[in-house]
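Chemist: The numbering used here puts the first residue of the sequence shown at 1, with every later residue one more than the last.
Derived by calculation from the structure, the hints in this document are not laboratory data. All residues carry an ideal CB built from backbone N, CA and C; glycine is no exception. Be a bit skeptical, because a hint or two may be false.
Stated by the list, open to error - Distance windows between CB atoms, simulated:
#, residue 1, residue 2, range
1, 13, 134, 31 to 41 Å
2, 300, 279, 23 to 33 Å
3, 427, 139, 28 to 38 Å
4, 134, 72, 49 to 59 Å
5, 63, 38, 12 to 22 Å
6, 139, 14, 29 to 39 Å
7, 134, 49, 47 to 57 Å
8, 136, 473, 22 to 32 Å
9, 327, 38, 53 to 63 Å
10, 36, 76, 14 to 24 Å
11, 275, 353, 35 to 45 Å
12, 427, 13, 27 to 37 Å
13, 352, 77, 29 to 39 Å
14, 102, 77, 47 to 57 Å
Unchecked claim - Simulated pairs of lysine-lysine, DSS-like, Cα-Cα distance not exceeding 27 Å:
#, residue 1, residue 2
15, 347, 312
16, 347, 172
17, 172, 27
18, 172, 312
19, 172, 385
20, 172, 379
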Amino acid sequence: MANPENPMFLELDGEGAAYQQLTRAFKAAILDGSLSGGTRLPPSRALAQELGMSRITVLSAYDQLRAEGYLQSRVGSGSYVSELQLTPRSGPPKTTRIAPPSRYAERSLRHSAQTTYRAHQGLRYELQFGETLLTPPLNNAWGRELARAASYTSLERTVSRGSPALREQVSKYLISRRGVRADPDDILIVNGTQQAYALAARVLLNEGDPMVMEEPHYFAAWRAFAAHGAELQAVRTDDEGLVCAELPDVPPRLILVTPSHQFPSGPVMSLPRRLELLRYAEANRCWIMEDDYDSEFRYDSQPLSTLRSLDKGDRVIYVGTFSKVLFGSLRLGYMVLPAVLREYFTKARYLSDMGGLAVEQAALAHFMESGAFERHLHKVGKTLKRRREVMLEGMRQHAGTRVRVNDSQAGMHVVAWLPDYDYTQLDELIQCAQERGLGLYPVAPCYHRRPEVPGLILGYCGLPEAELREAMRLFGACLDTIDARRRETA
1 MANPENPMFL ELDGEGAAYQ QLTRAFKAAI LDGSLSGGTR LPPSRALAQE LGMSRITVLS
61 AYDQLRAEGY LQSRVGSGSY VSELQLTPRS GPPKTTRIAP PSRYAERSLR HSAQTTYRAH
121 QGLRYELQFG ETLLTPPLNN AWGRELARAA SYTSLERTVS RGSPALREQV SKYLISRRGV
181 RADPDDILIV NGTQQAYALA ARVLLNEGDP MVMEEPHYFA AWRAFAAHGA ELQAVRTDDE
241 GLVCAELPDV PPRLILVTPS HQFPSGPVMS LPRRLELLRY AEANRCWIME DDYDSEFRYD
301 SQPLSTLRSL DKGDRVIYVG TFSKVLFGSL RLGYMVLPAV LREYFTKARY LSDMGGLAVE
361 QAALAHFMES GAFERHLHKV GKTLKRRREV MLEGMRQHAG TRVRVNDSQA GMHVVAWLPD
421 YDYTQLDELI QCAQERGLGL YPVAPCYHRR PEVPGLILGY CGLPEAELRE AMRLFGACLD
481 TIDARRRETA
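Model the full assembly from the supplied sequences, consistent with the hints where possible.
Modeler: Printed below as a string of structure tokens:
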């Protein structure tokens, strides 16, 4: 504002009360040097007239600026900008590249920059994996639970371990559904699986410590531990799960596995492999983190016993989440901890966020206690089984032998391999599908080393049956288009 008598240089941001906007506008002009120290501001009546504001608004802004030290009043003379010895800004702030402030910051930046899954925008037929099955009855029921919980629950943070009522319900759920005997004191409520990874990294690993993950694996888990500084090694999986014979001679501190439904390929770890892994962990004094991913939804087979339920040496940390079975935005999960690790994880959780909000935990505890959660799982399981069948049938009809599907009897996605295509053609296929309103996603980001055969990870949770049929028709049509291009260039 070169001329203080001309207030038109003030820029109001349109947010909040008028006197707050005016206060911020004056602050900005003072701090960037447009209004230098000693400058006399317009009389409140004159400024109010120029801006079309009430005089009370201007007086309130002046009072606030004086209270914060930006203005000084001189009796009989008016209001003046304080001498703050500010350096006037000659132009817009410059963006300066600096070295990462810590090794963790550098690793976080590097791993976050790697290629990941990004949902296509505005597509009619979205096959993004990890989507949850949202229904109006569930939305309504959850809204009622939140309102009920808010009426009697303290809005302060809950205890670090999590709500006692929720830990009690998780304990009952685990024994009935997964055969895991866990005392409520063994259970730690966390803000989703990702926080469980972060806590495990902080509690169990020092920078440079060796850790084993499956190949393929959940890419967000790999990046979380890599950012922490773990020395990661990918160990191959096959139709029986992790190939334990290929575990390193130098034992890792931690092994992360998804034995109930290997992510993303789908196989269930066989019982002999589970026992072999437990023997390895006990003999080498390393920890196992069992991520029971998608274990709630099995369609044509009964689940095997969890590693945790087979563990006699108390080496297994069991992890589960509610976000996949309820809402993706519901950041609630749980860890079942060995007795010797309880205090370490609880203290680390407290230092991380001092415990989660109580309302969501209370709502979920009552939702489970009432039986509504179990009824929801039963209904969703039937729906997903049918959608999986529709997707597989549509793939057989429209893609035929051009696609090889991993035989997975669980979860909310399938992996479809394209043995007759290369990665350039895979990119063309994804682009062709996007142009037709179909969202396809490569499976390669789930591998440390890109597999020789390109493939797709296809979620079937987010589309009703009729739309899944159309999505598979479009998928087949896009393959036809790529085939035609190949013939033209042959």
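Chemist: For which of the previously enumerated hints does the structure constitute a violation, in increasing order of number?
Modeler: 12, 13 and 17
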